[in-house]
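Trainee: Given only the sequences and the hints, what does the whole structure look like? Please build it.
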Amino acid sequence: MPELPEVECLVRGLRQQVVGWHTQRVEFRRTDLREPLATAAIRAALCGHRLETIARRGKYLLLSRRDGQGVIAHLGMTGNLILSAQSEPLSKHTHVIFHLTRGRQQRALQFIDPRRFGRLAPLVAQTQHPWLQALGVEPLSHSGLARYLWQASRGRRVAIKNFLMNANIVVGIGNIYASESLHAACLHPCTAAGQLAYRDYQRLTRAIKKILRQAIAAGGTSWRDYRDVSGKPGYFALKLAVYGKQDQPCPRCQTPLSASKIGGRSTFFCSGCTKILPSH
DNA sequence: ACACGATCCTGACTGC
DNA sequence: TGCAGTCAGGATCGTG
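If you use this note's numbering, the first sequence corresponds to residues 1 to 280, in order.
Derived by calculation from the structure, the hints in this document are not laboratory data.
No experiment lies behind these values; they were computed from the predicted model shown.
It is possible that part of the hints are untrue.
[Unchecked claim] The calculated lysine to any residue pairs, modelled on SDA-like cross-linking and capped at a C-alpha distance of 20 Å, are:
hint: 1; residue 1: K275; residue 2: Q246
hint: 2; residue 1: K92; residue 2: P36
hint: 3; residue 1: K209; residue 2: H142
hint: 4; residue 1: K245; residue 2: P256
hint: 5; residue 1: K245; residue 2: A184
hint: 6; residue 1: K261; residue 2: N175
hint: 7; residue 1: K209; residue 2: L135
hint: 8; residue 1: K209; residue 2: Y198
hint: 9; residue 1: K209; residue 2: A184
hint: 10; residue 1: K245; residue 2: A207
hint: 11; residue 1: K239; residue 2: C253
hint: 12; residue 1: K210; residue 2: S141
hint: 13; residue 1: K209; residue 2: S143
hint: 14; residue 1: K210; residue 2: R147
hint: 15; residue 1: K92; residue 2: R29
hint: 16; residue 1: K210; residue 2: E138
hint: 17; residue 1: K209; residue 2: S141
hint: 18; residue 1: K275; residue 2: H188
hint: 19; residue 1: K275; residue 2: Q202
hint: 20; residue 1: K245; residue 2: S271
hint: 21; residue 1: K261; residue 2: N162
hint: 22; residue 1: K261; residue 2: G272
hint: 23; residue 1: K261; residue 2: V158
hint: 24; residue 1: K239; residue 2: Q254
hint: 25; residue 1: K209; residue 2: E138
hint: 26; residue 1: K210; residue 2: R199
hint: 27; residue 1: K261; residue 2: N166
hint: 28; residue 1: K261; residue 2: S271
hint: 29; residue 1: K245; residue 2: C186
Mentor: This is how it looks when you write it as structure tokens:
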């Protein structure tokens, strides 16, 4: 489910709802996620402490106390964090429950992940966590993104779509927003990243920022199973131009949209108003 | 260094 | 209704 906008919406929801709460206890129902959970260290990082900071880096969520210790989570393809009353029934795929208190109030923050591609680990110091070490730049806050991408892509023959989805270059752009951004910038997803000119990256960068911001403002994309922190769906799916819309008319030129696999992932584009640049 | 395919896992959906 | 096959929003690892 989650690309940058979904994680950002989750972070904003959590900031409002759990900052200032104390972790009373952490309950593990399954520990065999992508990596086995370090249960003792996760408990030690949170239990008895006040949640002070909720942050995002790429698609990673960081929940930490005042001294910076806490947990880092990645939601994989199907993960989510849902806040519920202590008494509400649990999902079949709730693997971890953070029992939170504030005074006499109680809440449960559930880590849910049917496919178990997600990750959860103790966080000692944010700047040193191995999962964050190789991450590329943040697309929304990097002011020279076009120049950075243009420079990073020189000599690269990989398809621009895969280049954009490489989190070591730029974080947060997943399969949906890669297709959407490229279409908005009139670029064909198969074009070699190194073939694009600086002006192409300027157009692409504007499209990426605009689409990510719109998606955040709309509450994230509700494709299949995305839910916000209180369990409500996002609404951006209504605004997608190409993703999942094979054979429907291109909103720009009316050509029926195409679908294909690029790097093993479903890709949607318009063969009418985007062209692969000839390589030379 | 780079490009690419396989892989982790469950659920939803399609077609027979 | 049941069953097999296919596909899914991510990231890592091994291979060439």
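Trainee: Need the status of pair K209, H142: alpha-carbon distance at most 20 Å?
Mentor: holds, 10 Å
Trainee: Compare the distance between the alpha carbons of K245 and P256 with 20 Å, and conclude whether the hinted pair is satisfied.
Mentor: holds, 9 Å
Trainee: For the pair we were handed, K239 and C253, check the Cα-Cα distance against 20 Å.
Mentor: holds, 17 Å
Trainee: Checking one constraint from the list: CA of K261 to CA of N175, max 20 Å. Satisfied?
Mentor: Holds, at about 11 Å.
Trainee: For the pair supplied as a hint, K209 and E138, is the alpha-carbon distance within the 20 Å limit?
Mentor: holds, 10 Å
Trainee: Regarding the pair K92 and R29, is the alpha-carbon distance no greater than 20 Å?
Mentor: holds, 10 Å
Trainee: Between K209 and S141, is the straight-line Cα distance small enough, at 20 Å or below?
Mentor: holds, 9 Å
Trainee: Is the straight-line distance between the alpha-carbon of K275 and that of Q202 20 Å or less?
Mentor: Status holds; Cα separation ~17 Å.
Trainee: Would you check the hint for K261 and N166, treating anything up to 20 Å between C-alpha atoms as holding?
Mentor: holds, 16 Å
Trainee: Between the alpha carbons of K261 and G272, is the straight-line distance 20 Å or under?
Mentor: Holds, because 18 Å separates the two Cα atoms, which is no more than 20 Å.
Trainee: Quickly compare the C-alpha distance for K209 and S143 to 20 Å and report which way the hint goes.
Mentor: holds, 11 Å
Trainee: Hey, K245 versus A184, does the alpha-carbon distance stay inside 20 Å?
Mentor: Roughly 15 Å separates the two Cα atoms, so the pair holds.
The structure meets every hint from the earlier list without exception.
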